[in-house]
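Whenever a hint applies, use it, and build me the whole structure from the sequences.
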Amino acid sequence: MIVLYILLGIVLFFALLFWMKVRVFVRLEDEMTLRAGYGPIVLTLVPKKKKKPVSIKDFTYKKHQKRLAKDRAAAEKKALKKKKKKEESDKKKKAKELEKKVQKLAEKHDGDKDVNKIAFIVDLVKLGLGELAAFPGYLHTDIKMLDITVASDEAASTAIKYGAISAAVYNLLEILRAKTVMRARKNAVIDVRPDFCSEKTIFHVDFSVKIRVFSFVRIGWHFLVWFVKQKMKRD
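Counting from 5, one number per residue, gives the positions in the sequence shown under our numbering.
It is possible that some hints are incorrect.
[As the list claims (entries may be wrong)] The calculated lysine to aspartate or glutamate pairs, modelled on EDC-like cross-linking and capped at a C-alpha distance of 20 Å, are:
#1 Lys204 <-> Asp157
#2 Lys190 <-> Asp157
#3 Lys117 <-> Asp199
#4 Lys148 <-> Asp75
#5 Lys81 <-> Glu91
#6 Lys204 <-> Asp34
#7 Lys85 <-> Asp75
#8 Lys121 <-> Glu35
[To be verified] Label-pair distances were calculated between CB atoms; the ranges are:
#9 Arg181 <-> Lys88: 51 to 57 Å
#10 Lys74 <-> Trp23: 43 to 49 Å
#11 Ala19 <-> Ala79: 54 to 60 Å
#12 Gln69 <-> Arg187: 56 to 62 Å
#13 Glu33 <-> Ala78: 39 to 45 Å
#14 Ser93 <-> Pro51: 56 to 62 Å
The hints are simulated quantities; they were obtained by calculation from the structure and are not laboratory data.
C-beta: ideal position from N, C-alpha, C; glycine also.
Now the structure itself:
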């Protein structure tokens with residue numbers, strides 16, 4: 005009987021493991037927030053954690069000696085590398101010059117920061133769904149809010165920005181509709197509108213993409229069945 009309980013526990017454990025979801029949460033308001041996790045465990049990927057404030061406890065005698073030893077080791081390592089760096093200095097200078105030229109070109113074509121915010125989300129979704137190309141129908145998108153009020157200090161700039169952001173949002177929705185099972189909540193506002201009386205664009209973007217771990221097993225099983233059939237046909 006004990007063995008039966010153990011086996012039942014193992015079965016229930018793996019059933020729960022496969023039934024839980026891998027989740028990615030995207031939120032954009034004053035800043036971009038990207039979280040991802042499995043089941044109840046969710047980690048914040050963007051923005052990175054702020055550095056811990058300096059405490060007086062960090063400056064005990066022992067800790068200070070450890071820091072000094074670490075600094076000495078780093079200085080010795082730096083001295084050994086200095087000779088090699090001298091030989092490569094010319095190459096690095098040329099590389100830096102090239103990097104500056106590329107940076108100038110990037111800045112020239114950088115465009116509007118507000119437009120880039122939503123464009124970044126579109127590129128992020130494209131990248132993620134591209135990596136999971138075999139899972140259409142298994143991916144579920146839950147849209148809580150996609151409400152953007154476009155504004156700037158000039159009416160002409162607002163109009164141009166509104167057109168670019170509207171196109172990006174339309175592109176995002178089309179990708180989610182085509183590649184995932186998209187659901188918008190009842191109270192969700194999906195709208196992009198211009199505001200010619202304001203100077204700051206306001207973002208309220210909040211959605212998530214989820215997939216059950218069991219979907220990976222199903223895809224693997226379908227692939228295995230297909231592979232066996234192809235093998236049998238050849239033989």
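Now for the hints, and whether the structure bears them out:
1. Lys204 <-> Asp157: holds, 8 Å
2. Lys190 <-> Asp157: With Cα atoms ~34 Å apart, Lys190 and Asp157 exceed 20 Å; violated.
3. Lys117 <-> Asp199: Status holds; Cα separation ~17 Å.
4. Lys148 <-> Asp75: The hint is violated at about 49 Å.
5. Lys81 <-> Glu91: Holds - the C-alpha atoms of Glu91 and Lys81 are around 17 Å apart, at most 20 Å.
6. Lys204 <-> Asp34: holds, 11 Å
7. Lys85 <-> Asp75: holds, 15 Å
8. Lys121 <-> Glu35: holds, 9 Å
9. Arg181 <-> Lys88: 51 to 57 Å: Roughly 54 Å apart at Cβ, these two residues keep to the hinted range, so it holds.
10. Lys74 <-> Trp23: 43 to 49 Å: holds, 47 Å
11. Ala19 <-> Ala79: 54 to 60 Å: Once the Cβ atoms are compared, 56 Å apart, the range 54 to 60 Å for Ala79 and Ala19 holds.
12. Gln69 <-> Arg187: 56 to 62 Å: holds, 58 Å
13. Glu33 <-> Ala78: 39 to 45 Å: Since the Cβ atoms of Glu33 and Ala78 sit about 40 Å apart, the hinted range of 39 to 45 Å holds.
14. Ser93 <-> Pro51: 56 to 62 Å: violated, 35 Å
Of the numbered hints listed earlier, those contradicted by the structure are 2, 4, 14.
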